[in-house]
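Residue-level listing of the chains:
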Amino acid sequence: MNEQENEKQIVEKIRNFLEESAESLNPDIRRRLQEARFQALRAAEKKRAWFFSFPRWITVGGLATAATATLAIFFWFNVPSVEIPAKQVEDFEILTSKEQIDFYKDLEFFRWLAAKENGK
Amino acid sequence: MGFPLDSKESLNRFLANVERRALRMAQFASRNSDAALDLVQEAMMKFSERYATRPEGEWRVLFYRVLQSRIIDWHRRSTVRNRIFGWLGRGYEEEGESDPIERVADSKTPGPFEKILQSEAGAAMEKAIRALPLRQRQAFLLRAWEGLDIAQTAAVMGCSEGSIKTHYSRAVSTLRTLLEDFAYE
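Read top to bottom, the protein sequences are chains A and B. Heads up: the first sequence begins at 1 in the working numbering, then just goes up one per residue. Heads up: the second sequence begins at 1001 in the working numbering, then just goes up one per residue.
These are computed hints drawn from the structure, not numbers from a lab. These numbers were taken from a predicted model, which means no experiment stands behind them. Do not rely on the hints blindly, as some may be mistaken.
[Stated by the list, open to error] What follows is a set of in silico ranges between Cβ atoms, one per label pair, in the way DEER data are often shown:
1) A/Val60 / B/Lys1165: 52 to 60 Å
2) B/Arg1170 / A/Ala66: 40 to 48 Å
3) B/Gly1158 / A/Ile73: 42 to 50 Å
4) B/Arg1081 / A/Ala66: 51 to 59 Å
5) A/Arg31 / B/Arg1054: 52 to 60 Å
6) B/Ser1010 / A/Glu23: 41 to 49 Å
7) B/Gly1111 / A/Glu12: 42 to 50 Å
8) B/Ile1072 / A/Val60: 18 to 26 Å
[Stated by the list, open to error] Some, not all, of what chain A presents toward chain B, calculated at C-beta under 8 Å:
9) Glu5
10) Glu7
11) Ile14
12) Arg32
13) Leu33
14) Ala44
15) Ile73
The beta carbon of each residue, even a glycine, is placed where N, CA and C say it ideally should be.
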């Protein structure tokens, strides 16, 4: 038998011994192991329950509120403000008044009229 | 929302499958059944809390990683304790430091476990495995018994694959020498 086979054989023997000893543990030890396992399962359940403790509607509502708030802040800071320069206010008045527009249209006529009267 | 039933069952099955081997590994390290049970319980708790939601395929490596780290912590604590008692001038012998095989021999009605350990070959193998240095024993038990490959064993023990090969081959060599008389039985 070569060294490798010898090694294989001894490992196999030890593995069988370990397996046999683990399978034949005393009932008291098995019971305590089972208790430890159930405790661990409860711990896992508790941990998970804590994680999902908030109702789903709160989670969804919270996300929606956060999204709306983000959009509101974004638009608040990014929408360019339209400033009306003071000098344009007069133009604005001119543009909104129909009579004055007519006046400016006929401006050349009034100038001619004035020149004619002055000429008299 | 509770723990899904199928996840709970899978976790229960997994822990039931590894618990006895885990206990034996902890017994080899601590030489004390109560300490070994505590170590396995701590490992199960920590594993379930932290890794139960990870894919099942990763469970074995993660569980043994937690267990091995508990065992190493236990070793460090007992080494420090022994040193302190040594300085104080009196030897401190942990309850578990006495050889369980000797305690087993006092048992009035030996169960199957005791019978295995009391047999000549069983006692020799138990003693030989205990005689291995901690890291060699861990590498041997994880590779030869738990069936982890070199990469998985390295992940469990937190060292390189090369170290695992060295630990394992030294462990096998020592065991072969110590158990020479039983090799051809």
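Violations among the numbered hints, reported as their numbers in ascending order: 2, 5, 6, 7, 8, 9, 15
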